[in-house]
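Reconstruct the complex from the two isolated chains, following the hints.
Each protein sequence line maps, in turn, to chains A and B. Following our numbering, the numbering of the first sequence begins with 39 at its first residue and continues without gaps. Following our numbering, the numbering of the second sequence begins with 4 at its first residue and continues without gaps.
Hint data in this document are derived by calculation from the structure and do not stem from the laboratory. Treat the numbers as computed from the prediction; the structure is a model and nothing was measured. Cβ coordinates follow ideal geometry from the N, Cα and C atoms, glycine included. Errors might be hidden in some of the hints.
[Unchecked claim] Here's a subset of chain A near chain B, in silico, CB distances under 10 Å, partners left out: (1) Ala60; (2) Gln108; (3) Phe132; (4) Gly137; (5) Ala158; (6) Arg176; (7) Phe190.
[Claimed, not checked] Not the full set, but computed from the structure, chain A residues with beta-carbon under 7 Å of chain B: (8) Pro70; (9) Met135; (10) Tyr138; (11) Ala141; (12) Leu165; (13) Leu179; (14) Ser182; (15) Pro189; (16) Phe253; (17) Gly286; (18) Leu290.
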Amino acid sequence: MSAPSHPRQVNRVRRPLMYLLASLGLLVMATPFLWMALSAFKTRQDLTASPPVWLPTQWTLDNFHALLDQLDMPRYFLNSLIVAVLVTVCNLLFCSMLGYALAKLDFAGRSKVFGVVLAALMVPANLLILPLYVLMSRLNLIDSYAGLVLPFAASAFGVFLMRQFMQSVPDEVLEAARIDGAGEWYIFWRIVLPLVRPALATLTIFTFLGSWNNFVWPLVATNDPGKYTLPVALATFANDPNRTVAGGNGMLMAGSLLVVLPVLVVFAVLQRHFTQGIATAGLK
Amino acid sequence: MSLSIGPAADDTAVSKSRRATRAPSPGGGSRRHGRRSLGRRNLHGWLFSTPFLALFGVFMLFPIVATLWMSFTDFGVRDVRQPLEAQFVGLDNYTKLFSDDTFLTALFNTAYFVVIGVPLTIVLGLLVALLLNNGIDRARTFFRVGFYAPVVTSIVAVAVVWRFVLDPTDGLVAGVAAELGTKAPDFLGSGTWAMPSLILLAVWRNLGTVMVLFIAGLQAIPTEVREAARLDGAGGWQELRRITVPLLRPTLLYATVITTIGYLNVFEEPFVMTQGGPDNATLTVSLDMYREGFNFFHMGYASAMAYVLFVVIMGITALQLRLLKDNTR
Numbered sequence: 039m040s041a042p043s044h045p046r047q048v049n050r051v052r053r054p055l056m057y058l059l060a061s062l063g064l065l066v067m068a069t070p071f072l073w074m075a076l077s078a079f080k081t082r083q084d085l086t087a088s089p090p091v092w093l094p095t096q097w098t099l100d101n102f103h104a105l106l107d108q109l110d111m112p113r114y115f116l117n118s119l120i121v122a123v124l125v126t127v128c129n130l131l132f133c134s135m136l137g138y139a140l141a142k143l144d145f146a147g148r149s150k151v152f153g154v155v156l157a158a159l160m161v162p163a164n165l166l167i168l169p170l171y172v173l174m175s176r177l178n179l180i181d182s183y184a185g186l187v188l189p190f191a192a193s194a195f196g197v198f199l200m201r202q203f204m205q206s207v208p209d210e211v212l213e214a215a216r217i218d219g220a221g222e223w224y225i226f227w228r229i230v231l232p233l234v235r236p237a238l239a240t241l242t243i244f245t246f247l248g249s250w251n252n253f254v255w256p257l258v259a260t261n262d263p264g265k266y267t268l269p270v271a272l273a274t275f276a277n278d279p280n281r282t283v284a285g286g287n288g289m290l291m292a293g294s295l296l297v298v299l300p301v302l303v304v305f306a307v308l309q310r311h312f313t314q315g316i317a318t319a320g321l322k
Numbered sequence: 004m005s006l007s008i009g010p011a012a013d014d015t016a017v018s019k020s021r022r023a024t025r026a027p028s029p030g031g032g033s034r035r036h037g038r039r040s041l042g043r044r045n046l047h048g049w050l051f052s053t054p055f056l057a058l059f060g061v062f063m064l065f066p067i068v069a070t071l072w073m074s075f076t077d078f079g080v081r082d083v084r085q086p087l088e089a090q091f092v093g094l095d096n097y098t099k100l101f102s103d104d105t106f107l108t109a110l111f112n113t114a115y116f117v118v119i120g121v122p123l124t125i126v127l128g129l130l131v132a133l134l135l136n137n138g139i140d141r142a143r144t145f146f147r148v149g150f151y152a153p154v155v156t157s158i159v160a161v162a163v164v165w166r167f168v169l170d171p172t173d174g175l176v177a178g179v180a181a182e183l184g185t186k187a188p189d190f191l192g193s194g195t196w197a198m199p200s201l202i203l204l205a206v207w208r209n210l211g212t213v214m215v216l217f218i219a220g221l222q223a224i225p226t227e228v229r230e231a232a233r234l235d236g237a238g239g240w241q242e243l244r245r246i247t248v249p250l251l252r253p254t255l256l257y258a259t260v261i262t263t264i265g266y267l268n269v270f271e272e273p274f275v276m277t278q279g280g281p282d283n284a285t286l287t288v289s290l291d292m293y294r295e296g297f298n299f300f301h302m303g304y305a306s307a308m309a310y311v312l313f314v315v316i317m318g319i320t321a322l323q324l325r326l327l328k329d330n331t332r
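Next comes chain B alone, as it looks inside the complex (with noise of 0.2 Å):
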């Protein structure tokens, strides 16, 4: 670091002159004193941002670009060399993939994953945190722990637990169901239950974010406010409708954006339970993505994808933003 260290006396002109660099102050001297000491200010500004913009440009700056330049060639294995001689095909990639009967069905499980995981992940938070912030006053340490542990613990790790609580043979779900007379589906085998299944594990995992966001919103609200609705007359449901909510939105707002953006990219949930299958019934549109990009090293085609998606979850962020904020009046 080229920075200086220790107390170092042109420092002084830096707080002196914070005031002479918006209004200038009259007087010649003064004035290049003020102009020194701004140099100084940026110049120590940028050398405070230099590291994370240089990590920054390299390694996300630059592969945004580069996934964009890749997604019009048809980057194969043989251009992980060459990069630069990866033949160029304009929107080929782009036609190709709404014609892709397994992208298309991936776009459609990683929407039906999305609109039924979003809404139960951020309604399960809520009442939770309702649960936690209102109904109990003792150990309220101890059950917020143990609502939010799923979320610290690796995806992976959990995935495989997950995979065998639902086994078909071995699992714990099966042997209750066995021992209540029935018979438990074979849920990860089943194509109309193995995507219920994943998202009953994702909803498990992040129902704790959700919770804390909720915690803390609910704690921001005034007492005062809750009492004066209580004073005129408001019973729980009303309270619930008419102040509670409509003063957690700018939580749920937040709570929203960031789920759908995560359950968007979902991947190490199919990619350990299910592989995608059963026939592609699990199969994401990342899952996919990873699979053209680095089984079949097709990376041209699975950049396209990757913008496929991200423009899909701007537009839907941006949504998102739009609807919550209008409703706020």
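Next comes chain A alone, as it looks inside the complex (with noise of 0.2 Å):
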């Protein structure tokens, strides 16, 4: 597995060997994927046939017309789609304020914030859902957007990112602009944020992903099926006893294909910047 100790002699004979295995990896990984975007054509035979067919027989949107009769999917579609966006509009501009003060304002308390960004880091969700709930409730935001973008409106996560990018812009630059005058808000929204456009491309990335795939809180956060985004809506038809068995399988594999297609086309295009993100937040 590790690189060979002889390179050029040993590569020849194991090249071939790692294409093939990380190939085969590959495959096992795609399987579930394939099956999912094949089954979601295939009609009720085919689904059903026994020995299973890869290939569709007969390619059909029976599935999709199907899935879109029973449930309302392009609400739930614009749902995931508003509360992800404000999510991500939020946590861009609070999380690089924070990131900007940790990186680059020399203020009294600021270790305090960090080790309060840290902390943050390691709580996890179950902790806090159920006063959520009850403070939600209170506030009459319980299915409303408001109730679904608020708890999520600024990630410690987010923070670390962005001080880690920011810490890499030089102060010089800064100082010089002080120098001409500059006030802090300037500096900030002029001068860093245009330096560290990439970490802000990959906190979108991240944000936005982190939200339309969220489901504990919109699950707990919503009773109103109008309300549901794409991953409560699916779920909760995944586990209805009422829905219709025939034909089920295919409608599911259709909402499923629907949710994460879409992802999945995106990351093909932005992949550069995961790898990336994760790496950042990841060693230092």
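Following this line, the structure appears as structure tokens:
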């Protein structure tokens, strides 16, 4: 598995083996996705065929039609989108503000605030949802976008990420701006933010996806199906004992495909930012 | 925002006084100058911190304290309207927990999930990272994207997919087994197989995160170190054991800690795939807490569960940090 000891000689033999292993692994990883994507377009006969068929013998959109008949997918899609956009905008602003303060402003209490951020990284959501539910009920924010967005409007992970990136902004640039008479907000907004654009892209992707895939809180904070996000709607549908069993699996695969596909496409296009983000947040 | 926007003459003081505050320069005039800008700097620091700290206070600090308080009460469905009227019951919830067979089962199941799932995820993640880092030079991005893809998908959606893949009548695995002339077990309907099936899903979904961490760690190892080892005659296995793994220790530590925390909180997989069944075989602590809290509205009792889980998480994390750090030398 490790690097061969005499690269030139051994590589000839090993390299094809490595590629074979990696390809096999990749195939295993991709199998559930392929099965989902193909099953979504299968007829009922194909879905229950034994032995199973990989490719639909007859391609059909029936599963999608049936799904859209039973579930208001556009509504859930819109809900997920609105919540994710709002959460992302809030995080971009609030996390970079604190990230900037922690990286570049030498103020009394800075290390304490950083301690708070590190502690917040460790707190599991489980510890919060019970009183949060009570709080949101008292504020009449159950079944509202505000109730879905506010608890996620600033993340410790985001602050940590922005701080890491902002530390690499040279102090001289900021000093020069201060000597030229720029205010702190101006420096932050006009000088620092444009310099850390890659970090903002990374944070956007992570936050958006985190919100898009978030499940436990939206499950707790919505009772009205009109306010369900996609995962809540899908899970509720999948666990509904009254769901029409006939063709049910086809509909579920169609639904899963609609949830997963946009994310996979965005990921494939922007993948560089993911690996960067994880590595930065993870190693320092 | 009440912060100054655009160039403001006063702000130059901030930069000039940087040194002055560390080692106050003599002379009354510049001293006053320094103190004033010190105040400004503190003001800006706190202004930039305010949004995060306010949200943290309301949506994290307050709930942490409130959960603790709720765990000492019989907080129920009526109390959602009148939270302060919940009856104080002392340690009752906690003592009840440890004679509650369902909770003890959930605790055991969660431990099972972590003890099998974490090492599997870490080892497979490391193997894939080594494979992609050392054995693959063309199409590296393609492979990396492929292995990482499950991480970005909704757990709910992939759990729905896996449920179908493992379906005993129409599922992929059952079909393949039938073709090979054997019969696949009813994975999610069997007390023996349900938990391993959930672990399989978790490993499949999380191995990409661990892989990316290890690839970053591997790339931080200077090539000179490896070349030196090779010149000294270290073989592939020796190099892995004596050079690569020891140098990856910080990554290993971080990956183990975050994977363990994630797995201790496992919720979506059993919620979607098995609803905790069959016969509570996949009931985890988080799922038990959700049910007690939001299906039965025993919110005080559920809060005690949340705290027990939290204490377990903190304890295990502290232990891991100590163990893995001590081994560094």
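- Task: Could you check the structure against the hints above and give me the numbers of any it violates, in ascending order?
- Result: 2, 11, 13, 14 and 17
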